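Using the sequences and the hints given, assemble the complete structure.
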Amino acid sequence: MSIEQREARQPWILLTPALTAIGLLLIVPLVFIVVYSFWLKSAAGADTPGFFLDNWQETLTDPFYRDILLNTLKIAAITTVACALLGYPAAYFIARSRGNKMVLLVLLMLPFWISYIIRTMSWINILGVSGALNSALIWLGLINEPIQMLYNETTVILGLTHFLLPFMVLNVFVSLDGIDTNLEDAASSLGATRWQGFLQVTLPLSLPGLAAGGLLCFVLAAGTYITPVILGGPRDAMFANLVYEAIIRQLNWPLGSALSLLLLAVLGVLVLIYNRYLGMAQLAKGLG
Amino acid sequence: MGWRLIRTYTILVYLFMFLPIAVVVLLSFNANQFGSFPMTGLSTRWFEVLWNNGAIMRAFRTSIVLGLMTAVISTVLGVLASLALVRYKIPGRNLITTLLIAPILVPEVVLAVALLLFLNFLDIGKSFTLLLAGHVIFTLPFVILVVQARLVSIKRDVEEAALSLGASPMQTFFAITLPLLMPAVAAGGLFAFTISFDDITGTLFWKPGGIETVPTQIFSMLRNSISPEINALGTVMIVLTVGLPLIGAAIARSLATRSGG
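Chains A and B, in that order, give the protein sequences.
Okay, so the first sequence: first residue is 19 according to my numbering, each after it adds one.
Okay, so the second sequence: first residue is 38 according to my numbering, each after it adds one.
Rather than coming from a laboratory, the hints here were simulated on the basis of the structure.
Keep in mind that the hints are not guaranteed to be accurate.
To be verified - Cross-link-like lysine-lysine pairs, in silico, DSBU-like; alpha carbons within 35 angstroms at most:
| id | chain 1 | residue 1 | chain 2 | residue 2 |
| --- | --- | --- | --- | --- |
| 1 | A | K59 | A | K92 |
| 2 | A | K92 | B | K163 |
| 3 | B | K126 | B | K192 |
| 4 | B | K192 | A | K119 |
| 5 | B | K163 | A | K59 |
From a predicted model like this one, the values you see are computed outputs, not experimental measurements.
This is the structure we're talking about:
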């Protein structure tokens, strides 16, 4: 074999382990559940292979599933907006502060390293019947009996926002930090107020970061399983909870496959639209 | 005026992020027997209860073993793949990159279901192997992103110099590239460990009955009610995940200034 041929083979040798792992443990399994979603659950014993449309019919027409899917998307959308409203100004402050930017950024990223489940349950300490807020209100004499503030849609959104905010801040910061501040100075020297300069120069230039952060928040929120179980009430199930019910509790794997694929398709469309207009490079920047 | 407003707003955002965590730490030292407000005094009794809880200690061992194995496998796979992506011109680079970071883009529930059903079809049921395979898959993209970012900043020249002086590509990798890459390897490994240690959604689908990781153990304890023990466990995890890297960084920094000054 010539040296050139060996050179050309080297990268593939390096890539083989990772690509094999992704292929065997992600791509093939995804194709497999596409096939599985057309099988039928048997009352006893193994599921029946074949080409049955029953699971898909149930998944796509049952109003119960449709309502939960829409509700899941609604919760994800509200969470994303909340993250943007809280995260953008904070990221702007960090990017433009004269102090130690990195310390400020790392500080806001710290919760990202703290266990998701601990952060989620920490809200019970704050909002629970014997939590900080109720105790404070009783102590102040504003209420006599503790109020039940937990276990509803608002607390689910609160928990998700607390969990996802670092993703938004990091992405917005990366794009704001890359903007030449001379551009804002140029705008103001041409007579724009700071607010105009921000709206017409800085904001448009930072939109890719905002979009990348938004995509991450939305996709992660829409796929969440734990937050609604811990902070939501019995009627606040999200789509991932349906999948868990079908797969782990009812052991209806064909139906569970169809449900997971529906979630993947809905969120996949979003990722594709994003990829079409902004490309994956922006996302990689924010994650790296 | 505007800047002040933004600063106040940012402080409020920081409070929003840190207040719940601070309350966890505060309550874990609570002497009150229900572990709730009002606090009656400070005590470390909940840490003792925690230490004597066999289930939690077992969960800790499982999580650490799983996290370490995940970190080693993911880091090896990730470093090799990153080298190929950064150091060679290969056709279909974008497609390969997208494939490699695909596990981030697929919702974790979907990934969990697909892997569980497929490996079950291959007669590998819920087991430690399944857990490990799953954890490797969703930590791999993060390792690749971290290592790639670092690798780009290492100049090709140093490697070429070694090669021109007669070192083999293997020698060059181990004597030049790998030492320069060490911070990224360490960061990638730490990242993989943390993500694995913290994972719950996938783990709930994959874990066999009887095996608990720290997050699934907390999850099952939460079903009853929030006990002060959980707050103590939370404090331990906060100290481990935040404190240790900070101390490590501080030590590295003081060593660097000493040798530099």
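Outcome of the hint check:
With a C-alpha separation of about 31 angstroms, the suggested pair K59 (chain A) and K92 (chain A) falls inside the 35 angstroms cut-off, and the hint holds. Note on K92 (chain A) and K163 (chain B): the hinted pairing holds, with a Cα-Cα distance of about 33 angstroms set against a maximum of 35 angstroms. Restraint check for K126 (chain B) and K192 (chain B): satisfied, since their Cα atoms lie roughly 16 angstroms apart, inside the 35 angstroms limit. Simply put, K192 (chain B) and K119 (chain A) have alpha-carbon atoms about 27 angstroms apart, close enough for the 35 angstroms limit, and the pair holds.
The suggested pairing of K163 (chain B) with K59 (chain A) holds, with an alpha-carbon distance near 20 angstroms, which does not exceed 35 angstroms.
Violated hints for the displayed structure: none, as all numbered hints are satisfied.
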